[in-house]
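Trainee: Numbering (the UniProt record's numbering), first residue to last: 1 to 183.
You may find that some hints are simply not true.
[Claimed, not checked] Below, a list of computed lysine-lysine pairs in the DSSO-like style, where the Cα atoms sit at most 30 Å apart:
#	residue 1	residue 2
1	K6	K90
2	K37	K12
3	K6	K118
4	K55	K118
5	K6	K37
6	K55	K95
7	K90	K134
8	K118	K95
9	K37	K55
10	K156	K55
11	K12	K156
12	K6	K156
13	K80	K37
14	K37	K134
FYI, nobody ran anything at the bench for these hints, they're computed from the structure.
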Amino acid sequence: MEFSVKSGSPEKQRSACIVVGVFEPRRLSPIAEQLDKISDGYISALLRRGELEGKPGQTLLLHHVPNVLSERILLIGCGKERELDERQYKQVIQKTINTLNDTGSMEAVCFLTELHVKGRNNYWKVRQAVETAKETLYSFDQLKTNKSEPRRPLRKMVFNVPTRRELTSGERAIQHGLAIAAG
């Protein structure tokens, strides 16, 4: 799987899927609010109808959201905003990777690295996201005779950082995360 980092606004992303967070109770993250504004309230209308509460691990995959260039938006529940800690962040990333892999998205732009995690910086968030993604996708099947392949596995993950100045630390975080995941 290929990882990269970039800085940009969500409305300009042309990808198979954009991943953004939703907090309890039905509160959009700042990036999700931007997408909601672009889509003329489409996302917040779905949340008001009770489609997603924002509890940790809940997911909602939206197709063809109005005025958004991306094919899909994956909303993922992150729990209470002020209580997002390291353990919960890793669980959210793990659920994101599993969902993306199951839906057949070959590439995704992840804005979860812009969430506030208590006492952690963007370097840590990107590195943990890479480590967790590699761990989640790992499957020991050398001894199996019938290896099952996902229909269209996730091949590329782009992590978004808030500013251009953080691109170098994000790239370093990807290198370190890959090295740690490789053992």
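Trainee: Now tell me, hint by hint, if it's right for this structure.
Mentor: Do the hints match the structure? See the list:
Taking the CA atoms of K6 and K90, the gap is about 21 Å. The hint holds against a cut of 30 Å. As the CA atoms of K37 and K12 are separated by approximately 14 Å, the hinted pair is consistent with the 30 Å bound. Using a Cα cut-off of 30 Å, the hinted pair K6 and K118 holds, with the two alpha carbons roughly 23 Å apart. For the given pair, K55 sits about 18 Å from K118 by alpha-carbon distance, which is consistent with the 30 Å threshold.
Taking the CA atoms of K6 and K37, the gap is near 22 Å; set against the 30 Å cutoff, the hint holds. Taking the CA atoms of K55 and K95, the gap is about 12 Å. The hint holds against a cut of 30 Å. The hinted pair formed by K90 and K134 meets the criterion: a straight-line CA distance of about 12 Å does not exceed 30 Å. Restraint check: the Cα-Cα separation between K118 and K95 comes to about 20 Å, which is no more than 30 Å; the hinted pair holds.
About 23 Å separates the Cα atoms of K37 and K55, which keeps this hinted pair within 30 Å; it holds. Between K156 and K55 the CA atoms are separated by roughly 26 Å; this keeps the pair inside 30 Å, and the hint holds. The suggested pairing of K12 with K156 holds, with an alpha-carbon distance near 18 Å, which does not exceed 30 Å. With a CA separation close to 13 Å, the supplied pair K6 and K156 stays within the 30 Å bound.
Restraint check for K80 and K37: the C-alpha separation of about 22 Å stays at or below 30 Å, so the hint holds. With a C-alpha separation of about 33 Å, the suggested pairing of K37 with K134 is violated against the 30 Å cut-off.
Violation of the numbered hints given earlier is confined to hint 14; every other hint is satisfied by the structure.
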